[in-house]
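Chemist: Residue numbers (the numbering used here), protein chains in the order written: chain X, 1 to 275; chain P, 1 to 99.
To be clear, the hints were calculated from the coordinates, so they are not data collected in a lab.
Ideal Cβ placement from N, Cα and C applies to all residues, glycine included.
A hint or two may mislead.
Claimed, not checked - Using C-beta positions, here's what the derived DEER-type ranges look like:
1) X:Thr196 <-> P:Thr85: 49 to 55 Å
2) X:Gln200 <-> P:Leu22: 50 to 56 Å
3) X:Glu228 <-> P:Tyr5: 31 to 37 Å
Unchecked claim - Reference excerpt, derived from the structure (chain X facing chain P, CB under 10 Å, subset only):
4) Ala74
5) Gly131
6) Ala133
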Amino acid sequence: MNGLESIEIGGGETVAFWILGPVALAGALGMVFSRNAVHSALWLVNTMLALGVFYVIQDAPFLGAVQIIVYTGAIMILFLFVLMMVGRDSSDSVVETLRGQRVAATVLGIGFAGMVGAGIARATEGLVGVGLADAQPEGNIPAVAESLFTDYLLAFEVTSALLITAALGAMVLAHIEREPGSRSTQKELSRARFLTERPQTLPGPGVYARANSVAAPALLPDGRPSPESYATGIEPQEVDEMARPTGRGQLGSPDAALGTLDPAPLDGPAGGDRA
Amino acid sequence: MTLTYYLVLAAILFTIGAVGVLVRRNAIVVFMCIELMLNSVNLTLVTFARATGTVDGQIMAFFVMVVAAAEVVVGLAIIMSIYRTRRSASVDDVNLLKY
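From just these sequences and the hints, can you work out the full model?
Modeler: Laid out in structure tokens, this is it:
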């Protein structure tokens, strides 16, 4: 087909590609199609891990490690933090605002894929595969370090300025400016609380129920779940009540619980030989 | 199998990400789709680094990762401040460039 066939690809890499390639594709499709944003994030983690393994098997173990640490470790956790702050229930609406947008996007995507495919075919036409064995004789990390700290030193230094700017920008954007006297004191908060209908605390989830999960509502004395203890965003889960033993017959005798079935020793010779 | 398979996989992932940007309404999911596109470009860079026998492609993928990290931090901060004022993370609700 083209010169890229000059790089020998082992059987192990082929197997890894055909296992992880579909995994990465499934992650990408799941991300686009899942309605819940948290599910989207988890699908994307799937794809990114698969790509990290691809980097490792393509002679770039440093990038593979960076991919897993920075992307799946830091960036996706940041995404999940923001998702939890913004609200897990902010799922997409199914209603299309622009009519025919999805169809148009799909057609555009197919056309774009065809264009990129043609571009790949053109780009790899006369390309002769070399392989990285000569470029990194002492391993991947010394080669990357040498290139990074000689040829790309200026870009590397500029990167630090970029990172500091990004951190400062995020702080400025996420910061809330409060007027110095606008924060109410503890005394004012307490007064305001006692003027409401309910000065005492709300029942905590799982109190007097058989589970201590946030999904388990607190039970009122008559056994009904208390609506005030429902957690926001979570369906209250029914907790099946423990069967209460009633009466002496269901509780059983203390002897049965201890496992002794012999009758109580009687006075006389029958009781003597047990000693 | 040749290295072209990696390039084709990266192209498909990029296309899925692009379609996701166009289709999804939640700003955070749109952001994730952009991350997917950046990742697929990284796969292309690493594959071409292997094909041409230089580590320059890997260095470029490294810089793409750094820029992506910075971009995500600022972008998510913008989404959070939009959410604070408008109580919504949907891109449909943000159609005016004013308060």
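Chemist: Now look at each hint and say whether the structure bears it out.
Modeler: Now for the hints, and whether the structure bears them out:
1. In this structure, threonine 196 of chain X and threonine 85 of chain P break the distance hint of 49 to 55 Å, their C-beta atoms being roughly 28 Å apart.
2. In this structure, glutamine 200 of chain X and leucine 22 of chain P meet the distance hint of 50 to 56 Å, their C-beta atoms being roughly 52 Å apart.
3. A beta carbon spacing of about 58 Å between glutamate 228 of chain X and tyrosine 5 of chain P contradicts the range 31 to 37 Å that was offered as a hint.
4. At its closest, the beta carbon of alanine 74 of chain X sits 7 Å from a beta carbon of chain P; the interface hint therefore holds under the 10 Å criterion.
5. The criterion of a C-beta within 10 Å of any C-beta in chain P is met by glycine 131 of chain X, whose closest approach is roughly 6 Å, and the hint holds.
6. For alanine 133 of chain X, the shortest C-beta to C-beta distance to chain P is roughly 8 Å, which falls under 10 Å, so the interface hint holds.
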